[in-house]
Every structure is written in structure tokens, then in C-alpha cells.
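Enquirer: Since the structure of chain A is already known, use the hints to place chain B on it.
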Amino acid sequence: MRGNGQKVFASKIARALVTLVLMVTSVFILMRCAGDPVTVLLGPDATPDMRAAYTGELGLDRPMLAQYLAYLHNIVRGSLGVSYVYRQDALGVVLSHLSLTLILTCSALTLAAVTGVAGGIAAAVFPSSFIGRACTIGAVVGLCVPSFFLAIVLMLVFSIQLNWLPTGGAENWRSLVLPAVTMAAASSAVLARYTRVAVREALDSRYVLAAFARGIPFSRILIHHVMPNAAVPILTILGLLIGGAVTGSTVVETVFSWPGIGNLFITSVGNRDIPVVQAIVLLAGTAMIMTNLAVDLGYAWLDPRSKSSET
Amino acid sequence: MDQTTSHALEAPYLHTFEHANAGCPAMTAGGPPLLSITGLTVVLPDRPETRLLDDVQFELRKGEFFALVGESGSGKSVLCSTIMGVASAELRCLGDIHIEGRPLADVDRRRRAMIYQQPSLYLNPVRNIGFQLRETVQMIGGLSKKEASQRAADLLCDVGIDDPKETMRKYPHEMSGGMNQRVMIAMALAMKPKLLIADEPTSALDVTTQKQILDLLERLRSDMAILFVTHDLGVALQRSDRIGVLYAGQLVEIGRADLVARTPLHPYTRALFSAVPPLSGHPRRLHSPAGSLPEPTQRQAGCNFASRCSGTLDICRHTRPALQGIPLQVVACHNLEA
Numbered sequence: 001m002r003g004n005g006q007k008v009f010a011s012k013i014a015r016a017l018v019t020l021v022l023m024v025t026s027v028f029i030l031m032r033c034a035g036d037p038v039t040v041l042l043g044p045d046a047t048p049d050m051r052a053a054y055t056g057e058l059g060l061d062r063p064m065l066a067q068y069l070a071y072l073h074n075i076v077r078g079s080l081g082v083s084y085v086y087r088q089d090a091l092g093v094v095l096s097h098l099s100l101t102l103i104l105t106c107s108a109l110t111l112a113a114v115t116g117v118a119g120g121i122a123a124a125v126f127p128s129s130f131i132g133r134a135c136t137i138g139a140v141v142g143l144c145v146p147s148f149f150l151a152i153v154l155m156l157v158f159s160i161q162l163n164w165l166p167t168g169g170a171e172n173w174r175s176l177v178l179p180a181v182t183m184a185a186a187s188s189a190v191l192a193r194y195t196r197v198a199v200r201e202a203l204d205s206r207y208v209l210a211a212f213a214r215g216i217p218f219s220r221i222l223i224h225h226v227m228p229n230a231a232v233p234i235l236t237i238l239g240l241l242i243g244g245a246v247t248g249s250t251v252v253e254t255v256f257s258w259p260g261i262g263n264l265f266i267t268s269v270g271n272r273d274i275p276v277v278q279a280i281v282l283l284a285g286t287a288m289i290m291t292n293l294a295v296d297l298g299y300a301w302l303d304p305r306s307k308s309s310e311t
Numbered sequence: 001m002d003q004t005t006s007h008a009l010e011a012p013y014l015h016t017f018e019h020a021n022a023g024c025p026a027m028t029a030g031g032p033p034l035l036s037i038t039g040l041t042v043v044l045p046d047r048p049e050t051r052l053l054d055d056v057q058f059e060l061r062k063g064e065f066f067a068l069v070g071e072s073g074s075g076k077s078v079l080c081s082t083i084m085g086v087a088s089a090e091l092r093c094l095g096d097i098h099i100e101g102r103p104l105a106d107v108d109r110r111r112r113a114m115i116y117q118q119p120s121l122y123l124n125p126v127r128n129i130g131f132q133l134r135e136t137v138q139m140i141g142g143l144s145k146k147e148a149s150q151r152a153a154d155l156l157c158d159v160g161i162d163d164p165k166e167t168m169r170k171y172p173h174e175m176s177g178g179m180n181q182r183v184m185i186a187m188a189l190a191m192k193p194k195l196l197i198a199d200e201p202t203s204a205l206d207v208t209t210q211k212q213i214l215d216l217l218e219r220l221r222s223d224m225a226i227l228f229v230t231h232d233l234g235v236a237l238q239r240s241d242r243i244g245v246l247y248a249g250q251l252v253e254i255g256r257a258d259l260v261a262r263t264p265l266h267p268y269t270r271a272l273f274s275a276v277p278p279l280s281g282h283p284r285r286l287h288s289p290a291g292s293l294p295e296p297t298q299r300q301a302g303c304n305f306a307s308r309c310s311g312t313l314d315i316c317r318h319t320r321p322a323l324q325g326i327p328l329q330v331v332a333c334h335n336l337e338a
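In the order they appear, the protein sequences are chains A and B. Under the numbering used here, think of the first position of the first sequence as 1, with each following residue one higher. Under the numbering used here, think of the first position of the second sequence as 1, with each following residue one higher.
Isolated chain A, as found in the complex (with noise of 0.2 Å):
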């Protein structure tokens, strides 16, 4: 058994190195059909001469296949390059910008985690209560509703009319609560959604049923025969949310001026400023198979079952 959890664990590892490979080998790939770098950074009016000693300086004039080497050679070395714009190691400068987007991300997760999960369990055990029928009806809102576009009513009702939040920035905690709760909103709903139909399930199920003839009484039996069954679907989709966040918040802090890696790489794009753009990406992708790796690992733990099969 345990030999056999081992080989599963071996496995998932290689497969997220080749997913990141791949990853890698594609963000270069589209950043060099993206445009030309030289031309954005130097402007329309930039004579050849300035553009070929500016490509030259940049290693753009070497074959495709030496830059995509070097490339690979530096980030294995840890490298990621140097800014076009910063003039910094690229991952330094997103770095920078990193806490910032994962204060934001933390916040609306846990607020999404909580909401969520409680509305999802309230909504399935009590279908047909107020408080289920607010919870199902406040899912489908909250999914329905575009992050812009709730992120300029929230700013509307709570910053311009009642005056209580700034608009945009990161001063202080309370230039955080509308960017979290825009965040929060959709992630809550697809949460609440996945959770009220795996506590449901596990509510119809026999050995729920065979609790209840046992007498076991009913808080017992949610905390600990439905909830840890209902875990393993919650867990993959907050796995989702979680890896999704880092580049699921660009939008937020665009909306908000929220100064984080999701501002950053919409501005780096602009300026075709590649190295940056090609750090970012490899941060959230990395982001995001560490999350369904620490998943896959989670079910392992949740589910007995899990151990002795691959999935």
C-alpha cells in the first residue's frame, strides 16, 4: 500500500515538471509572436541604427532556437532575466509586487472559503428554509455578476455615495475590503454551488441514512460522516480558486488600482516587456500546479480510498 502511494506521488510529480515544460516552452513561444519589443520600448520615431543596436544588446538578433536555450539555461539557473522597463532582475521586480496581490488573494479567499462553504452547507440542509433559499439564490447572483462590473457598484454605493472606502489604492486595511469582496463574490458562488451539492449527496447517501437508524445524533453526523465526504469536491475546487487567484486578481486590482502582480502584468504586456511577462506567468503556473499537487495530496489524506488507486 504504502509502496504504491510512493510510485502515485512519483508520478504526479513528473507529470507537473512536464506540465511546466510545456508552460514555459508557450509563454515564449506567443511572447515572441506578440510583437516586437524594440519598437514599443523605443518608439515610432527610433532609427534603425538605435533599433539594431537596441535588439542586439537584448539577444533578440540570435537564432530563435539559441534565445529559447538561453532562456531555458537561465531559468534553470534561477534566472529570469532583466526588465526592458525596470532595468532589474525580472523576478525581482515581480516579487515586489507579489505580497501585495497575495494579501489581496488571501483575504478574498478565506472570505470566499468561509461564506462559501457555510452558505453551501445551509443551503443543503435546509433547502426550502429563508436562509437556504438566500444562500441558493445568492450563489447564482454572485456567479451571474462580472467582477467589473460589481466592483463599480460596490464603489459607487460605498465610496462615492456613502463615502465610507476609497476607490482604488492599498494605503490601508480599508482600501482592501472592496477589491477582496469583488474577489470574493464570484469565488463564494462557485464554492457555495460545489458545496451544497456534495453535502446534499452526502446527505441522501446509506450511510448517512444507516447514522440516523443508529441514533447518531445530527450535528455528529454533518461534522463527521458528511462533511469529511463532501471535503474532496470543496477541496478540488478551492485548489482551483487557489491556483486560479494569483492571475484571477488582475482584473480586481486593475479595477482598483491595487498595485499587485496583476496591474504589473497588464502594464508589462503593454510595453512588451517580456522578461517580466515570461516571470509572471512561470509564478502563477507554478502557483497553480503546487496548489493540485498540495490537492492531490489532500485527497490522500481525506479519502482512504484515494491511497490505493491512481486518479
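No lab work stands behind these hints: they were computed from the structure. This one's a predicted model, so the numbers in the text were calculated from it and none came from an experiment. One thing to keep in mind: the hints can contain errors.
Cross-link-like lysine-lysine pairs, in silico, DSS-like; alpha carbons within 27 Å at most [as the list claims (entries may be wrong)]:
#1 A:Lys7 x B:Lys170
#2 B:Lys211 x B:Lys170
#3 B:Lys146 x B:Lys170
#4 A:Lys12 x B:Lys170
#5 B:Lys145 x B:Lys192
#6 B:Lys146 x B:Lys165
Some chain A residues near chain B, calculated using beta-carbon distances under 8 Å [said to hold, decoys possible]:
#7 Ala210
#8 Phe212
#9 Gly215
#10 Ile216
#11 Pro228
#12 Leu302
#13 Asp303
In this text, a Cβ means the ideal position worked out from N, Cα and C, and glycines have one as well.
Expert: Below, chain B alone, put in the same frame as chain A:
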């Protein structure tokens, strides 16, 4: 009882009646019955004419092994879940169920326990056996975790599991159906029930395991009554004291096991027993009743079996027959001479 019926019952069954009491402790024991069901009718709330169970009436005494037979859809599972108090909230139950003389609502849930056809589905897949058994043991109250573990291990020993400590660390998917059924029985015993409902507990098991589980139930029955739901007429005949035949939500015949098997009075019971292939002697053509069980929505005023019966009388089409007969074998049929 009207004149024709008593006449019809007279000759062959009177003899058995006189001599049978001694062999059947269940019929002679005094005191209130352990389980008494009167006029139990289960209907859909929005369509009261759709009866899943129709005026079910029987009693169980301590130590009795009562086999309930009937085909799929006859209402066996509804009956079991109603007695267990876990029937769907969408069903409405009329009539009375008493356990040890007290109405079901006032009875401690631990007085009754149930085991199921597919034990692996009724055990939580992500909790180990020890957790589920300990939890059930602790429902009795006043036990520390250590005492509960000890009691859980003792229970597993009682149901014939040799290495209880090892078993308690296992998960349901790591064990065979027979072992899981033993665990279910141990869980049922943890509550020291007076009534054990066994809903086809051996149908999903191989023959050897089936025998072991049946022997185990046989050993346990002295302390409780067992309501044994089964498709297997052989098992019903061999193991039970009495057999009840459920057809389309109605108990059409109840009687001492050997009487019901050898001299079935209801045409449906006759059809059931003639549909079993004989193990010895010349193979014969098997008869199964023509037609199929009427859906709950299509049941009419008369006898539910009328459409499939060969001896249908006029009265069968509009009047539902009531249970009647000698105490050892009662039957709901208008035409006992057929």
C-alpha cells in the same frame, strides 16, 4: 369469519392447530408483544389513494425469527424504514407501531437496530471501522474513549472477527462484504437492541458467508426479535418461526413457517413457492405468477392479486379481503377453495 371460510379451513389445518403450540414459543409466550403493528398504512401525502403499505398488521415476540417475503416493490423496505423511524419525510404513516407496549415515538431509538443488504454502502467510506463502531458504542453514554475501544473490540469478537484491533484500523473498502456485514451486526448489537431488522442481510454474500451470518443471527436471537426480510424462501423456511407474505403493500398471509411453505393458502404464496426450483427429485416446470405486481398508483379497490389470480371471484374485484383464519396461519383471500 364467515361460514364458507371456516368450512374451507376445517379439514386439513385443524390437526396442525391442536399440536402446534408447543413447537412455537412465539405464539405461547405471555406479556405484551415486543413489536406490534396495527393498521399501518403509508401513503403519499398529496395522493392518499396511493398506498405503499395497506393496513399492515402483525406482532413479534421476544426470541422470534420472523421472515418477511415478497417481491421487489411490495413495500418491504418501506415497512423496515418506517419501523426504524427513518422513512422519507415525504411519506405519511397512519396506524400504530408499538414496541414493548409503547408507541414508536416514545421508544428509545436504541431499542431497534437494522442491518442492510449491501453493508459496504451503509458504512462511511472515509472513516475507519473503529471510529464508526466506537461512535455507536458511545451512544450508550458514560464510556471513555478507551472503554469504548475495548467494548468495540469485544463486539467484533462476538460477531466472529478474530483480530478486532487490526479490523478497527481498516476502512470498509479494505474488507469483504461478509466482514462488513459482521461489522454492521456488531454496530447493531452495540445498542443492545430488542428488535433487529435485517433487510436481506445475506443476499449479496456467497453461500458460505451467508450460512455464517445466518448462524450468527440464530445465536443472537434469544435476546431479541428478528424481522428478517428476504427473497430467499429456502432461508425463510429453514430459519424462521413464522413467515409473512407481503404483496403490493398488503400482508396477504402470515403463518408458521412450515405451514406456509407446505400448505400455502393464498394463491400468491402458492405461486411464490412453486417458483422455487426443487433441489432433489425430478426437475419440473417452474411456475411464476403471470403478470406483474401492480404499481402503487394502479391498485384498485378489490384484491390486489385479482388480476393475476386463477381463482378470481366476483367479490375479489371490488372488496379487499381481510386477514382471517386460525391463529397459526392467517390469510387474506376470498376464495380459499381454489
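Enquirer: Look at each hint and say if it fits the structure.
Expert: Each hint tested on the structure:
Among the hinted pairs, Lys7 (chain A) with Lys170 (chain B) is consistent with the structure: their alpha-carbon atoms are about 22 Å apart, no more than 27 Å. Taking the CA atoms of Lys211 (chain B) and Lys170 (chain B), the gap is about 24 Å. The hint holds against a cut of 27 Å. Only pairs whose Cα atoms come within 27 Å are accepted, and Lys146 (chain B) paired with Lys170 (chain B) is accepted, the gap being roughly 18 Å. For a cut-off of 27 Å, the pair hint linking Lys12 (chain A) to Lys170 (chain B) stands: about 26 Å separates their Cα positions.
Simply put, Lys145 (chain B) and Lys192 (chain B) have alpha-carbon atoms about 19 Å apart, close enough for the 27 Å limit, and the pair holds. At most 27 Å may separate the alpha-carbon atoms for a hinted pair to count; Lys146 (chain B) and Lys165 (chain B) meet this at roughly 13 Å. Restraint check, Ala210 (chain A) versus chain B: the minimum CB separation of about 4 Å is within 8 Å; hint holds. Among the interface hints, the one on Phe212 (chain A) holds; its C-beta lies about 5 Å from the nearest C-beta in chain B, closer than the 8 Å criterion.
With a least beta-carbon distance of about 4 Å to chain B, the hint placing Gly215 (chain A) at the interface is held under the 8 Å criterion. Because the smallest distance between the Cβ of Ile216 (chain A) and any Cβ of chain B comes to about 6 Å, under 8 Å, the interface hint for this residue holds. With its C-beta approaching chain B no nearer than about 5 Å, Pro228 (chain A) sits inside the 8 Å limit, and its interface hint holds. A distance limit of 8 Å between C-beta atoms decides the matter here; for Leu302 (chain A) the minimum to chain B is near 7 Å, and the interface restraint holds.
A least Cβ separation of about 5 Å between Asp303 (chain A) and chain B falls short of the 8 Å threshold, and the interface hint therefore holds.
The structure agrees with every numbered hint stated previously.
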